[in-house]
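K.L.:
Listed below are the residues making up each chain.
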Amino acid sequence: MRRALSYAWLLALFTVPIWLQDQYLLHVAIVTGIFIIAAMSLNLLLGYTGQLSLGHVGFFGIGAYASALAAVGFDVDVFGHTFVHDPWPVPAAFAIGTAVAGLCGYLIGKLSFRVRGAYFVIVTVSFAEVVRIVAVNWVDLTQGPLAVTNIPPFAFALPAIGRYTLYSKVSNYYLVLLVATAAYVTIKRLVGSRIGRAMIALRENEQLAVSVGIDVTRYLVLAAVVSAAMAGAAGSLYAHYIRIVDPDIFVFLYTVTMVIMVITGGKGTLAGPIVGGLIFGFVPVVGRSFASPEVQWILYGGLMILVVFLLPQGITPAVRRLAAARIAPRPNGNLDVLPDASQAGGR
Amino acid sequence: MDQLLQHLVNAVVLGGTYALLGIGLTLIFGIMRVVNFTHGELYAFGAYAVYWFVATSGVNFFLAIPLAIAAGLLLGAAVEYLLLRPMRGADIDTTMLVMIGAWIVMQNSEMIVWGGVAKSITTPFPESPLVVGPVSVSWLRLFALGFALLLIAGTYVLINRTKLGKAMRATFQDSDTAALMGVNIRAIHTATFAIGSGLAAAAGALLGPVFLVEPTMGDLASLKAFAIVILGGLGNVTGATIGGFALALVEEMGAGYVSSGYRDAMGFAIIIVVLLIKPTGLFARAERVG
Amino acid sequence: MTRRTSGVAGLAVALLIGALAARPEAQQTIKVGVIQPLTGAFAASGTYVSNGARIAADEINAAGGVLGRKIELVVEDNKSNPTEAASVAEKLIVRDKVPVLMGAWGSSLTLAVMPKLMEYQVPMLVETSSSDKITTIGNPFVFRISPPSSVEATGFARMIDQLKIGKADFLVVNNDWGLGTADQFTRMFKAHNIKVGLVENMAQNAQDMSAQLAKIKASDADTLIVTTAVEQLTLVFKQAAALGLKRRIITTGGSQVPDQLIEQAGGAANGTSHIAFFAPWNPDLSADPARARAFIAEWKKRGYAFAGLTESFRGYDGIRTIAAAITKAGKPDAAAIRTAFWTVELTGLGGKIKFNKVGPAGMESGQSICDIFLVRIENGKVVVPKA
Chain A
504 MRRALSYAWL LALFTVPIWL QDQYLLHVAI VTGIFIIAAM SLNLLLGYTG QLSLGHVGFF
564 GIGAYASALA AVGFDVDVFG HTFVHDPWPV PAAFAIGTAV AGLCGYLIGK LSFRVRGAYF
624 VIVTVSFAEV VRIVAVNWVD LTQGPLAVTN IPPFAFALPA IGRYTLYSKV SNYYLVLLVA
684 TAAYVTIKRL VGSRIGRAMI ALRENEQLAV SVGIDVTRYL VLAAVVSAAM AGAAGSLYAH
744 YIRIVDPDIF VFLYTVTMVI MVITGGKGTL AGPIVGGLIF GFVPVVGRSF ASPEVQWILY
804 GGLMILVVFL LPQGITPAVR RLAAARIAPR PNGNLDVLPD ASQAGGR
Chain B
1070 MDQLLQHLVN AVVLGGTYAL LGIGLTLIFG IMRVVNFTHG ELYAFGAYAV YWFVATSGVN
1130 FFLAIPLAIA AGLLLGAAVE YLLLRPMRGA DIDTTMLVMI GAWIVMQNSE MIVWGGVAKS
1190 ITTPFPESPL VVGPVSVSWL RLFALGFALL LIAGTYVLIN RTKLGKAMRA TFQDSDTAAL
1250 MGVNIRAIHT ATFAIGSGLA AAAGALLGPV FLVEPTMGDL ASLKAFAIVI LGGLGNVTGA
1310 TIGGFALALV EEMGAGYVSS GYRDAMGFAI IIVVLLIKPT GLFARAERVG
Chain C
184 MTRRTSGVAG LAVALLIGAL AARPEAQQTI KVGVIQPLTG AFAASGTYVS NGARIAADEI
244 NAAGGVLGRK IELVVEDNKS NPTEAASVAE KLIVRDKVPV LMGAWGSSLT LAVMPKLMEY
304 QVPMLVETSS SDKITTIGNP FVFRISPPSS VEATGFARMI DQLKIGKADF LVVNNDWGLG
364 TADQFTRMFK AHNIKVGLVE NMAQNAQDMS AQLAKIKASD ADTLIVTTAV EQLTLVFKQA
424 AALGLKRRII TTGGSQVPDQ LIEQAGGAAN GTSHIAFFAP WNPDLSADPA RARAFIAEWK
484 KRGYAFAGLT ESFRGYDGIR TIAAAITKAG KPDAAAIRTA FWTVELTGLG GKIKFNKVGP
544 AGMESGQSIC DIFLVRIENG KVVVPKA
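Chains as they are written, first to last, in the working numbering: chain A, 504 to 850; chain B, 1070 to 1359; chain C, 184 to 570.
Quick caveat, the hints were computed from the structure, so don't treat them as lab data. One or more of the hints may lead you astray.
Some, not all, of what chain C presents toward chain A, calculated at C-beta under 10 Å [claimed, not checked]:
no., residue
1, Leu-256
2, Asp-260
3, Glu-267
4, Val-277
5, Asp-279
6, Ala-295
7, Met-297
8, Pro-298
9, Asn-358
10, Asp-359
11, Ala-386
12, Gln-390
13, Ser-402
14, Ala-477
15, Glu-481
16, Lys-484
Below, in silico cross-link-like pairs of lysine-lysine (DSSO-like), each with a Cα-Cα straight-line distance of 27 Å or less [as the list claims (entries may be wrong)]:
no., chain 1, residue 1, chain 2, residue 2
17, A, Lys-672, C, Lys-280
18, B, Lys-1188, A, Lys-613
19, C, Lys-537, C, Lys-564
20, C, Lys-484, C, Lys-253
21, C, Lys-274, B, Lys-1188
22, B, Lys-1188, C, Lys-483
23, C, Lys-484, C, Lys-429
24, C, Lys-214, A, Lys-672
25, B, Lys-1188, C, Lys-564
26, C, Lys-274, A, Lys-672
Quantities reported herein were computed from a predicted structural model and do not represent experimental measurements. Yeah, the Cβ is synthetic: ideal placement off N, Cα and C, and Gly gets one too.
Taking the hints into account, I'd like the entire structure generated from these sequences.
P.N.:
In structure tokens, the structure reads:
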């Protein structure tokens, strides 16, 4: 039944460009979709492994820059030796962006998981800031504040059909939908597997997990790599859709946006980041006519505080509980605890 | 050589205010274990308060600064009472998220009230600097340093010589035992957050007139404060003081001799390096309040 | 998710999107998109330009509007950020369906918007940006009334003899504007046998330039050329004075807002010179003195700071030029307006406005010439050369 529902949703999303003729709203949908992918990746670290990584925009931005630079080409002088890179086709650049971000995730994971709690938070925030400052100053490579411009859009060269470039919004929408679906399925599989259960065990009680023999660092690093790679993929989509990337892509504000999406939507649930993403992607567009961006942000901040106070698990589990209460309560003993293990208390 | 001296002087002057930022946060972080993202906003609040007193209300500059600090104390106490007290017992992640929410609300409120254009605060000091040999320092910055040192000394006395300070130290060491010994933990938490916020506001009040006052000025300050806390060790006031001066020194020397663009990255690079080598902070064995 | 929650969620989202899509379109006014930095490092300047634009729009509407309809300015904030500039340009073109734009103040911001102009074939009037790239890169939708750095350099070349510059250092903001200025002025200096020393740069929201200034203090040049916006200039002057830097300082770009410098930097601003493109202290120097007086009076009447006049005139001239183009085009259509720009001729506050073809053949942009002044700040007052 659940699976049929998921397919129904997918079909519905597939038909969106057919009835949504407004190009601007389609644009909003695409950008929201990209941020939902990033939010899902953050959810993996934040919700499932319980690691409060606040430098996530670093992976997003690195993916964007790596992909953009791979596709546009660059030449840099490193210690007197000139390194020239010719433009590569965009799908290759996308792979590069994902890979580079994933590599950074590996490094950050390996290095940072030695520190815990608040210190880990600070390290991740610092990481994103350092990357931003490097992007601003290493003008040779990144163009600094002048921004990387004229980034080519996605283009596929298929043997039979020939070259197809994604100029239109409709085509970009489907690309984002494709990647988002892939991301969702990846997370679902990961979380439902042995690895996923280990991650959740880590989140719930790390010492207990270690005593049972779960290799903490290995699973955290794995989560970091997948999470970072996914964020990098989202960044790459962003770069080739918006077609301009500047160091402000690394601002803390984007991390905060993703965090708000995950927390209010429901961390540790599959649907949480999607719900959160849809809300915070579209509400600003509606709100634009009623309230200035500053007022909106105040409302989001307030909303986040309220959610943390009243609905610490987020909206999705609360709605689910509400719905479950209406249907006849099942006797205990259902093993429906994983993968959306939000019922576990203690948070 | 001349340049070196000038950089040193600049570093010392900046270090005083950095130390204030760091001490404020190390108290909050150390005693309350809260990842306080609003620290930078209190810094900005202090600067805007001075601007309001001086530019809009015509208050004397030297009076505006203590008033701004007092306002910061009150605001800190209010934030603690409204947002953190109900969260007592929640884990560090949850309180951090609340602090992020508060940070968003505060910064955007500042934007609405003051607008996005940067503000300049006129001071009664002459423009021409004090020149000692090859080195020049502006009178305003000297004043800022002096006032900062005063506040640092005052905080030191507070922590080590007063009953309140004793209670704070006890709470830091072991809050359960402190509670059993009769310490009102809730009051201590409010006092700690207020004092910490007041110090952040002081740093903003002193640096605001030196540079410009604009709504996002707190973001970088927040992160630098964390760098100083990690350098100095959680809850360690002496460590934070040294850390503040150390960070300013690294920034100045780095900007002068390596690259001015990477100036702000120095602090973060320090955080990352220190935590990787010594995950509990540089002065870890001295991890105590005072 | 359970059926019920999915159903509710789906319905909510569909309603939301439906509500957004079914907005009524306003037909009565002619919309003109304005992209300016209203927050961020350039907020002061962007606000001045927008207010100047509004005065022009109100004036035009009071006189009957354009083609019998009123102009409506849709002003968007680019937050001093290139990605945001491109984003709001897209929004203005796709959602608000504006047939013409004005913007985006900073060179990097304008360059970020330009691909959108090509993509959607909408013309834009560039009122402030100075990077030469804007008109040489080959974008036929760009029409600029502000001078590029190369023209600024040429105009300045006429004055260097009396200034007797031997060697110059640069301190510029690290974006297209600053770096482009350093580049063009260096070329001009070299052509006039003037040596160029240090070329230091600063990030647009950097507040502490003492490191760069300390280096400059140690150099042997006699002149320092500074290019950035007024907020950062204030800091540069104050910090230069605090370091005891005694050198002739000349600023470029026209966004110095000298009166604000005097107010905020105080004595630190004395002795500095500024390249400006409009001199509100002496309206007779303007190409249209009567209109300049009227504009200054209206600006004061609205309670804006006098200091902002040195920039707001650009917004004023820009909107008037756009209105003239729409009138010539005969309809609020992007393609017609673009063609009309080439035939527009009017006298703005900053000079005679008429677009010449510049750039690669077939893809020329429009560039108009304007006046250049060198003003000095002495004893807390702005001194302007006699006409």
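K.L.:
Next, verify each hint and record whether it holds.
P.N.:
To see whether the hints hold, each was checked on the structure:
no.: 1; hint: Leu-256; result: violated (17 Å)
no.: 2; hint: Asp-260; result: holds (8 Å)
no.: 3; hint: Glu-267; result: holds (8 Å)
no.: 4; hint: Val-277; result: holds (5 Å)
no.: 5; hint: Asp-279; result: holds (9 Å)
no.: 6; hint: Ala-295; result: holds (5 Å)
no.: 7; hint: Met-297; result: holds (9 Å)
no.: 8; hint: Pro-298; result: holds (6 Å)
no.: 9; hint: Asn-358; result: holds (4 Å)
no.: 10; hint: Asp-359; result: holds (5 Å)
no.: 11; hint: Ala-386; result: holds (6 Å)
no.: 12; hint: Gln-390; result: violated (15 Å)
no.: 13; hint: Ser-402; result: violated (22 Å)
no.: 14; hint: Ala-477; result: violated (32 Å)
no.: 15; hint: Glu-481; result: violated (26 Å)
no.: 16; hint: Lys-484; result: violated (26 Å)
no.: 17; hint: Lys-672/A <-> Lys-280/C; result: holds (17 Å)
no.: 18; hint: Lys-1188/B <-> Lys-613/A; result: violated (44 Å)
no.: 19; hint: Lys-537/C <-> Lys-564/C; result: violated (34 Å)
no.: 20; hint: Lys-484/C <-> Lys-253/C; result: holds (22 Å)
no.: 21; hint: Lys-274/C <-> Lys-1188/B; result: violated (30 Å)
no.: 22; hint: Lys-1188/B <-> Lys-483/C; result: holds (21 Å)
no.: 23; hint: Lys-484/C <-> Lys-429/C; result: violated (39 Å)
no.: 24; hint: Lys-214/C <-> Lys-672/A; result: holds (24 Å)
no.: 25; hint: Lys-1188/B <-> Lys-564/C; result: holds (21 Å)
no.: 26; hint: Lys-274/C <-> Lys-672/A; result: holds (13 Å)
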